[in-house]
Structure formats: C-alpha cells, structure tokens
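Each chain is listed here by its residues.
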Amino acid sequence: MNFDFSDDQQAIKRTAKDLLGARFTPDRLRELAESGTYDDVVWKELCELGWPGIFVADERGGQGLGIVELVILMEELGYALAPLPFLSGAAAGLALQAAGSDEQQDRWLAGIASGEVRATVGLASNGEARLVPDAEGAEVIVLLDREGGRLVEAAEAQVDPLATIDATRRFARVRADGGDPLPGDTSAALDGIVTALAAELTGISQRAMEMAVEYARDRKQFGRAIGSYQAVAHRCAQMLLETEGARSASYYAAWTADAEPESFPAAASMAKAYASDAAWRVTASSLQVHGGIGFTWEHDLHFFLKRAKAGGLLYGSAGQHRERVAELTGFATEPAHA
Amino acid sequence: MDLTLSPSEEAFRDELRAWLADNHPGEDPPDDDAAFEHRRVWQKRLHEAGYAGFSWPKEFGGRGATLVEQALFGEEMARAKAPQPVNVLGMVMGGPVVIAHGDDTQKERFLRPILSGDEIWCQGFSEPESGSDLASLKTRAVKSNGEWVVTGQKVWTSYAHKAKWCMLVARTDPDAQKHAGLTYFIMDMDQEAVQVRPLRQITGEAEFNELFIEEARIPDENVVGGVGNGWSVAITTLMHERAGLGASAAAGMRVALAELSELAHERGVTGDPVVRQKLAQLTIEVELLRLNAWRGLTAIMKTGVPGPEGSVVKWQWGELNQSLTELAVDILGEDGALWDSPWTYRFLRARANSIEGGTTEILKNIVAERVLGLPKLR
Numbered sequence: 001m002n003f004d005f006s007d008d009q010q011a012i013k014r015t016a017k018d019l020l021g022a023r024f025t026p027d028r029l030r031e032l033a034e035s036g037t038y039d040d041v042v043w044k045e046l047c048e049l050g051w052p053g054i055f056v057a058d059e060r061g062g063q064g065l066g067i068v069e070l071v072i073l074m075e076e077l078g079y080a081l082a083p084l085p086f087l088s089g090a091a092a093g094l095a096l097q098a099a100g101s102d103e104q105q106d107r108w109l110a111g112i113a114s115g116e117v118r119a120t121v122g123l124a125s126n127g128e129a130r131l132v133p134d135a136e137g138a139e140v141i142v143l144l145d146r147e148g149g150r151l152v153e154a155a156e157a158q159v160d161p162l163a164t165i166d167a168t169r170r171f172a173r174v175r176a177d178g179g180d181p182l183p184g185d186t187s188a189a190l191d192g193i194v195t196a197l198a199a200e201l202t203g204i205s206q207r208a209m210e211m212a213v214e215y216a217r218d219r220k221q222f223g224r225a226i227g228s229y230q231a232v233a234h235r236c237a238q239m240l241l242e243t244e245g246a247r248s249a250s251y252y253a254a255w256t257a258d259a260e261p262e263s264f265p266a267a268a269s270m271a272k273a274y275a276s277d278a279a280w281r282v283t284a285s286s287l288q289v290h291g292g293i294g295f296t297w298e299h300d301l302h303f304f305l306k307r308a309k310a311g312g313l314l315y316g317s318a319g320q321h322r323e324r325v326a327e328l329t330g331f332a333t334e335p336a337h338a
Numbered sequence: 001m002d003l004t005l006s007p008s009e010e011a012f013r014d015e016l017r018a019w020l021a022d023n024h025p026g027e028d029p030p031d032d033d034a035a036f037e038h039r040r041v042w043q044k045r046l047h048e049a050g051y052a053g054f055s056w057p058k059e060f061g062g063r064g065a066t067l068v069e070q071a072l073f074g075e076e077m078a079r080a081k082a083p084q085p086v087n088v089l090g091m092v093m094g095g096p097v098v099i100a101h102g103d104d105t106q107k108e109r110f111l112r113p114i115l116s117g118d119e120i121w122c123q124g125f126s127e128p129e130s131g132s133d134l135a136s137l138k139t140r141a142v143k144s145n146g147e148w149v150v151t152g153q154k155v156w157t158s159y160a161h162k163a164k165w166c167m168l169v170a171r172t173d174p175d176a177q178k179h180a181g182l183t184y185f186i187m188d189m190d191q192e193a194v195q196v197r198p199l200r201q202i203t204g205e206a207e208f209n210e211l212f213i214e215e216a217r218i219p220d221e222n223v224v225g226g227v228g229n230g231w232s233v234a235i236t237t238l239m240h241e242r243a244g245l246g247a248s249a250a251a252g253m254r255v256a257l258a259e260l261s262e263l264a265h266e267r268g269v270t271g272d273p274v275v276r277q278k279l280a281q282l283t284i285e286v287e288l289l290r291l292n293a294w295r296g297l298t299a300i301m302k303t304g305v306p307g308p309e310g311s312v313v314k315w316q317w318g319e320l321n322q323s324l325t326e327l328a329v330d331i332l333g334e335d336g337a338l339w340d341s342p343w344t345y346r347f348l349r350a351r352a353n354s355i356e357g358g359t360t361e362i363l364k365n366i367v368a369e370r371v372l373g374l375p376k377l378r
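As given, the protein sequences belong to chains A and B, one line each in that order.
First residue of the first sequence? That's 1 in the numbering used here, and the numbers climb one at a time after it.
First residue of the second sequence? That's 1 in the numbering used here, and the numbers climb one at a time after it.
It is worth saying that the hints were derived from the structure and are not from the lab.
Accuracy of the hints is not assured; some may be wrong.
DSS-like cross-link-like pairs, simulated, lysine-lysine; straight-line CA separation at most 30 Å [stated by the list, open to error]:
#1 Lys-178/B to Lys-107/B
#2 Lys-302/B to Lys-17/A
#3 Lys-220/A to Lys-376/B
Could you build the full structure based on these sequences and the hints that come with them?
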C-alpha cells in the first residue's frame, strides 16, 4: 500500500513544474492568451523531451510509461495554464492506443507521440462534435460517440473555429460523416482522456488556491490581513478540501488504468465529475477572495477560471459523469427515463 | 504508487474477516444497560483474540500493529457492522497517553484492565464554558496534604456512569498562561464527590453525561506527564482520536451508502434523475473519503506526520454523513418524519458529527493556519 509517486515519478513532476514555471511566466502567459496563440518554441522543446508520447508504447515511438505519468504532466500543465496543444494530442493517442487497429496505429501513433502529427478527439452526437480542442490544423480527428470511434482526416471534416471563454486553448466545432472506424473498445480511451483532464483541472485548482492564499496573506483591510478573518480563511480551507479531493480522485483513476482496469471506468468518471466541480468552485472562490481586482481583465485569475469552466464542460460535464457513475456502480441501475 | 495490499496484509485481512464472521456479537440490544454489557462481552472477546489495543506496543499487551493493519482493522470492523468495544475511549485515548507520558507504575497499574474491559475509562476535557476553547477550562485542582482536591464541572462525558477512571484535565496554576497551568489526571470515578447526570440529546437518548465534581480526591501518583504539562499530554489523545478515524470512517460510509442505495431501490426512486445525481455524488464522496484516508496514511508512513489530505478527513466525514442521512430521509418522504423509521436516529445523530471531536469550524481554522499558512485567525 503506497498512495504516492515513485522517485522517478516525483522527478518527472518536479522537472515538469520547474520547466513550465520558467517558460510560462505571468507576462508570457498573458501575451499568449491575449493573442490566442500557443507557444510553438516550448511545444517543440516538450516534443524533444518526449512529452506527447509519454504514455505511448516504446515500439510505437513513445516513452512506454503509463497513465500515471501522463496525469503528472497534465496536473503541471494545468498549474502552469500552459497554452499548448498537449491535451488534444494525448487524447488522440489514447484513443488510438486503446481502440485503433494495427494499421491505424502504424499510420498515426508515432507521429502523435513525437508531436509531428497534430491530432485531436471530439465527443460526437449525430455526426457533430460541438467542442473539440485544436481541431483546426489537426491532420486527423477521432470522433467518439455511443457506437464507438472513427478516424476522420482533415479533408473529410468540416471544422468551424469557435470563440470560447478559454483564451489558453483553441476550440472548433467538427462535422463529419463516415471516416475509418476504430475496431476496438473506445470506452477505455475516453476514461484515459477524462482522467488526464481531471488532473489538469486539479492543477488549475491548486494554482487558484495558492493565488487566493497569497493574496489573503498580503491584502490588508481594516488594518489586518484579510486571511486572518475566518470568512476568508474558511473559503481557503474549503479550496484545499476540494483540490485534495480532485487530486486523490485523479491519481487513483490513473493508477487503476494500468493496475486495476475493471475499476477504471467508474474511477475516471468520478475523477472528472469531482474535479470539474472543484476547479470551477475553487477558481470562483479564489476570485471572491481577490475581491474587485479578481474581476478585472488585468488580473490573471480569469484565465484560470475560464479554462477551469471550459475544461469542466469538455468531454462530459460533471452531471454527465455523475450519471455514468450512477450507471456503473449499480447503485441506481434503472434507466433514467424508464 | 501501489494501492494493493501485500500478501501479509491480505492474509491479515482475510484472517480478521473470517474471525469477525465467526465471532460477531450481533447488534446491540435496545436497553442501555444491556447494550453496555453486550459491548463489555465483545471487548473481552476481542481481547482474548488479541484484537484489543491493536495499535499498542506488544510489551503493554497490544499487537504492535502497523498503520496499514490498523486501517484494515478499522475497515473490517466497520464493514462487518461490529459494535464499538465498550472501552473504546480507554483504548484509543487513555491507554496511548499512559504509554506515551505515564511512568512505569502507571503503565503497570492502568494498561491491562483497559484492554480486558475490567476498568472502563471516560474523558473529562470539555466544560460548559470551554468547548472549542478547551484551554480556557476552569475546573480547579489544588494540592493539599499530598493529594489533589478537584472542583468543577465537565460535560460530554460518555460512559461516565459506568467508568472507573476519568481522564481529567484541570487547572493547577491559575496564575500561569492559560495553556501552561493545566495538568492531566487519572481520577477515580468511584467517589461521592463525583456526581454523574445523564445529558439527553436530540435523539432522545443519553449517550453523554455531565460531571459535577465537588472536592474530589486524586492521589499525586495519578498525575500523568507532570504538573503543568496537561495541555501537551491531552493533545496526544486528540491526535490519536483523529489519526485512526479515516479508514474506518470511510468503510462505515460505504456500508451506509449501500443501505441508502437499497432504500432508493425499495422506494422506486432510482430512475429519478435528481436522486441519481445525488446518489452518484455521495458515491464519489464516499470513495474520496477512502482515498484521502489512504493517501493520508501513506504520508504518515513516509514523513511521520499526516499530510494536508489527512487533516480534512474528519471534516469531510461529518458533512458526508449528514448529506447521506438527509437524502435517506428525503427519499422516505412523509415517513421520514416518524420516530420509528430506521433512518431517523441516524439522521438526527449525524448533526453531532460536525461538532464532536473538533467542530468543522475549528478544523477549518487548523487547515487555514497550519496547512495553508494563513495568519493567526481572530
């Protein structure tokens, strides 16, 4: 029994935190967010370090590590609010690795693992995926729906860029019929994707909490630090409870992916549901602690709040994942509208 | 990261599970005195099997169990819905204090009868004017002719009417700074000067008592940890109270969740989307309580102190048990207002969960000050 990372995993976490912290300074982050662009130089650097393929098998050109290591990177990418096409590529890699045929994997996986191929995943219904990260410019898009998954190449899809509240990630709407079906079971792919996203949301929560605590220590009103008032301090304590809960849930889900796959679907939906709520509540509560300054465009907090909300809605909202938990745990097995 | 049990831990759990299946004493009888005797017999049975004082070192009659074994023990007891052994306060709080701070004579005298259940312990910390602000307590102890004379009032003292010994914290130096003037005593409850009055609670039963102490006598050899050190000695017991809670609380909530799910099925509300959302949310939070408890345990094993996630477990548990029992009563609808519904007692009793063992507000203060490093609160 050891609910903590190995020394190697700790080293990955530290390296990722230091590197992303150095690259995405507040000024740089703002510059990227306000221009709606990604940092191509940093992306190239991360590709050289093998980040996009961290969970992809060695023989497919990846690092051969697992979902736990992916989750470690995602948490730090969320903490840094990194504007990079990492999630989209990882999502496509997860989908292909879990459900793709040998031919499909041969064709795409190595490129995704090296970062040379831009790819993404959309949750589709009636041929349309309404919120797909990095679909514009993607060579290949995996569309997942109730029936399974299919690979759609850029030329086959209609991609309409969207203006979303999240300035640190680019989204589009995708319409496509046909495509090349993924023969395997795509549910494990979706579990991996939402677990990774839950970890990103955990990182965002951690950062928004740290910002609130720092502000509550520094900001003085009525002659003392506002963090010495219980109303403010208890808000911050609540942020810790929710952030740690999101962390436990996403680490656990990541662990089940490789070690206890039968527990993975419920664990993944639990993590996504809890982390989505937590990230919204923690960032919103952090804004409240910041008071008026937190509501201004010039303060960075709103970038976190908006990515938290968009991430919470992406790949199934908290409510949708709770419904899946109800189905999977057998506590409530009748159909919702019997 | 490895959340599986080692072969020896698994063997331990299976052995315990089998033992519990054969030795489970059944539910408490409804009558209070009968329930007490029932739990005393249960204590003896646990003791004979070597399961009493599980975390205590072997030299004091315990088992020297590892933290993981302690957590598994708590989980299995909760899973089997086994009653608390009668001397839970002695085992969880009194004994560990004597082991940590007592002298050899005290260890020899007090420890074994705790485990056997021959001497029941109760706790005299809180007072009517000193709840969360425990260090402001006013009960006085004055030394006279080699013994201590104690006068004051204590409250929330469970098992006081059955107890032989009371862990008593009293003020021995009224001029010292408030924490510095306190001393920890082991007081004999068997004297006229100690009057016990049951305290009826909102559930209708009297689980707790008030103690009226009028010049009670305590021999000097029953001071634990030295005169004036009562605060740090008492804190040991509070830490013990919280450290062992996580895994067994989570396992208890799992059992409760299964019962709630059964109720939802019986009442035919599992297709109601609102109920499904709430059940799913509770399912998630019960699972998180378990995960946070185990993460906290890993942190203690690695660093010797609970990590941040460990400090929220008691707070989280209190709120969770309240929401769970509230949903049960809401599902029962009009029947939820009846005294004889099986959930009514639990629903009402749950209101104390965010007060007993540290109010949620105090726990949030602890998280804010000690985990987040916010300034001293006022």
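Hints, one by one, checked against the model:
1. Lys-178/B to Lys-107/B: Status holds; Cα separation ~29 Å.
2. Lys-302/B to Lys-17/A: holds (22 Å)
3. Lys-220/A to Lys-376/B: holds (14 Å)
When the structure is compared with the earlier hints, no violation turns up for any of them.
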